[in-house]
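Given only the sequences and the hints, what does the whole structure look like? Please build it.
Per full-length UniProt numbering, numbering of the sequence shown is gapless, rising by one per residue and ending at 170.
Just so you know, the hints here were simulated from the structure itself, not pulled from any lab data.
Glycine is no exception: its CB is placed at the ideal position from the N, C-alpha and C atoms.
Some hints could be false.
Pairwise CB distance ranges (calculated) [stated by the list, open to error]: (1) Phe81 <-> His125: 40 to 50 Å; (2) Asn118 <-> Ser80: 47 to 57 Å; (3) His41 <-> Ala72: 34 to 44 Å; (4) Ala7 <-> Ala32: 32 to 42 Å.
Cross-link-like lysine to any residue pairs, in silico, SDA-like; alpha carbons within 25 Å at most [what the hints assert, rightly or not]: (5) Lys10 <-> Ala72; (6) Lys10 <-> Ser80; (7) Lys10 <-> Phe25; (8) Lys10 <-> Asp108; (9) Lys10 <-> Phe68; (10) Lys10 <-> Leu145; (11) Lys10 <-> Arg157; (12) Lys10 <-> Cys124; (13) Lys10 <-> Ala146; (14) Lys10 <-> Gly111; (15) Lys10 <-> Ala156.
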Amino acid sequence: MPSNLDAHIKRSHIISFSLLALFSFIEWVICAVLVSSYNSHNDYPSHSIRDRVRFLLFVGLWSFLFSFFYIAGFLTAATSFLFSIASHAVWIGITWVFWLAGAAAITDTLGGGLDCGNFNMAHCHQLNAVEAFGWINWILITFLLAFVLLAGARSARDGNGFGGPLTPAV
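Here it is, written out as structure tokens:
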């Protein structure tokens with residue numbers, strides 16, 4: 001019989017991965033619009049901004065697609081190793097590094113953010129939004145990483161190890 005904690009885990013998994021998908025989608029769209037505009041006008045402010053926006057475009061798409069993959073898998077095959085705690089930990093760990101690298105790189109390139117009132121550059125507000133959503137996604141994925149590590153510790157304590165499911169089969 002599933003515990004109350006398992007019901008909370010199921011609910012929070014869907015909510016947190018949906019939020020990650022939403023904010024990743026927003027980041028992905030903003031970056032796609034920037035890349036398209038900069039490419040069509042050939043007016044990247046610098047190679048540094050070009051590279052960082054393109055990387056965050058990739059990370060946004062990566063997170064968006066895999067979030068739905070993990071939501072669907074969790075709902076249909078939660079006890080499969082493909083959707084185990086170990087699988088979650090590996091994907092979230094890699095994604096955590098991607099978001100940290102992307103958000104830190106764009107923050108460094110923009111000098112911590114742009115003052116668009118004193119900065120005469122195309123897409124100033126969009127670049128600030130890319131930076132903000134990069135950090136929002138990193139915060140979300142940090143919470144997910146902490147949650148998965150705690151779930152792994154709980155599973156290991158119960159004798160299932162990290163290869164076990166996030167929640168027992170119903």
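Here is how each hint holds up against the structure:
no.: 1; hint: Phe81 <-> His125: 40 to 50 Å; result: holds (44 Å)
no.: 2; hint: Asn118 <-> Ser80: 47 to 57 Å; result: holds (54 Å)
no.: 3; hint: His41 <-> Ala72: 34 to 44 Å; result: holds (38 Å)
no.: 4; hint: Ala7 <-> Ala32: 32 to 42 Å; result: holds (37 Å)
no.: 5; hint: Lys10 <-> Ala72; result: holds (12 Å)
no.: 6; hint: Lys10 <-> Ser80; result: holds (15 Å)
no.: 7; hint: Lys10 <-> Phe25; result: holds (22 Å)
no.: 8; hint: Lys10 <-> Asp108; result: violated (37 Å)
no.: 9; hint: Lys10 <-> Phe68; result: holds (15 Å)
no.: 10; hint: Lys10 <-> Leu145; result: holds (16 Å)
no.: 11; hint: Lys10 <-> Arg157; result: holds (20 Å)
no.: 12; hint: Lys10 <-> Cys124; result: violated (40 Å)
no.: 13; hint: Lys10 <-> Ala146; result: holds (16 Å)
no.: 14; hint: Lys10 <-> Gly111; result: violated (40 Å)
no.: 15; hint: Lys10 <-> Ala156; result: holds (19 Å)
The structure fails to meet hints 8, 12 and 14 from the earlier list, while all remaining hints are met.
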